[in-house]
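Visitor: So in this note's numbering, spot 232 of the sequence shown is number 372, and the numbers just go up one at a time.
A hint or two may mislead.
Claimed, not checked - Heads up, simulated DSSO-like pairs for lysine-lysine below, C-alpha to C-alpha not over 27 Å straight-line:
hint, residue 1, residue 2
1, 251, 278
2, 347, 195
3, 221, 347
4, 386, 221
5, 251, 386
6, 278, 304
7, 386, 195
Claimed, not checked - Pair by pair, the computed Cβ-Cβ distance ranges are:
hint, residue 1, residue 2, range
8, 403, 176, 54 to 60 Å
9, 303, 269, 25 to 31 Å
10, 474, 271, 30 to 36 Å
11, 372, 298, 40 to 46 Å
12, 503, 469, 25 to 31 Å
13, 371, 495, 32 to 38 Å
14, 301, 177, 33 to 39 Å
15, 179, 441, 44 to 50 Å
Hint data in this document are derived by calculation from the structure and do not stem from the laboratory.
Quick caveat, the model's predicted, so the values are computed rather than measured.
Positions of the beta carbon are idealized from the N, C-alpha and C atoms, including for glycine.
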Amino acid sequence: MNIHEYQARDLLRDHGVPVPPGQIARTPAEAEAAARAIGGMVVVKAQVHVGGRGKAGGVKLAADPAEAADNAAAILGMDIKGLTVDKVLVAEAADIATEAYVGVIVDRDGKRPVFMVSREGGVDIEEVAETNPDAIRKLPVDPRYGLLPHQAYWLAASLYDDPKQQRACARILRQLWTAFNAAGASLAEINPLITTPEGDVVAIDAKFNIDDNELFRRPDIEELRDASSEPPAETRAREANLTYIKLDGDIGAVVNGAGLAMATMDLIKYYGGEPANFLDIGGSSNPQKVVDALGIIASDPHVQVILFNIFGGITRCDDVANGIVEATGQIDIGVPLVIRLTGTNEEEGVAILEAAGFSAATSMDEVVQRAVAIAREGQ
């Protein structure tokens, strides 16, 4: 789950990180009032779950409340990478002497959190990693002990030469670690972490990605979800209890079980195709899940063919077949279906499909090759 910048700033502030004051505004009038309450130069920032807001014109400085209102009017309603801006953050503008990057992310290869810091703040850390990897200092953290004081100082010393700023940065790094764990985050970063001309170290932008698996025990974090800022298909999938991830290809896939889904995507790639999604209907025997899954995939305009790859265990093939028949009666799918059914109640499932005018194969290779061929014809 992603959260907005203003929510991430609140999380940091709750754990002691120095963050300039700011208020959320949904109208130009609210932005004007927020700027008046903050005083002085402010920055008006679009709140959407995508990067590149500044390049898109979604971040503007304002010298006074009237200009803040004008900037908010220009930003509200903007489309940034497919998401409409419906709120802005009005925050105190900081006087910046230096910018740095600090962040902690779960390293899946190392199976532990890793801190990354760089003097090159204000740009994507991925860009720094690609163009100047030596500019990043990394430190794996043992979650049993957390970020120890000497480790925080070692990281801070790579960012600042001033001992006072090193101490301030080390304190912020440990506070960031606490916030990262308290939120159940998979990523938490401050970019940039700035120094002011007076020498203070301050966080002026923040990003948190929350691990969905942590939400059941963190209802306060779950309340931060803004469904209006999520891709509609992902919201529909979550509400239908489906595991769905949008990809860039044109072969929609409906599969039961994460392992089979991964194997299916591998086979699509092996035969020269590109999967349009990862979608796992899970192990339950529920035709409605099939209806929901088809509705989600059919809403993707890039999909040229939909591939069902069902290996029936707990999932019964006849339930999947009933779901396909029910869904195609409700939804204009608009693209061919290629179906593989094998396993529990396979014969019943095939009979249901044939009665509705569909056919099903049992070979995974066969259906994947057929789906790839159809997708190529549609290109």
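Visitor: Now tell me if each hint is right for this structure.
Guide: To see whether the hints hold, each was checked on the structure:
no.	hint	in the structure
1	251 <-> 278	holds (15 Å)
2	347 <-> 195	holds (17 Å)
3	221 <-> 347	holds (18 Å)
4	386 <-> 221	holds (15 Å)
5	251 <-> 386	holds (25 Å)
6	278 <-> 304	holds (22 Å)
7	386 <-> 195	holds (24 Å)
8	403 <-> 176: 54 to 60 Å	holds (59 Å)
9	303 <-> 269: 25 to 31 Å	holds (28 Å)
10	474 <-> 271: 30 to 36 Å	violated (43 Å)
11	372 <-> 298: 40 to 46 Å	holds (43 Å)
12	503 <-> 469: 25 to 31 Å	holds (27 Å)
13	371 <-> 495: 32 to 38 Å	holds (36 Å)
14	301 <-> 177: 33 to 39 Å	holds (37 Å)
15	179 <-> 441: 44 to 50 Å	holds (48 Å)
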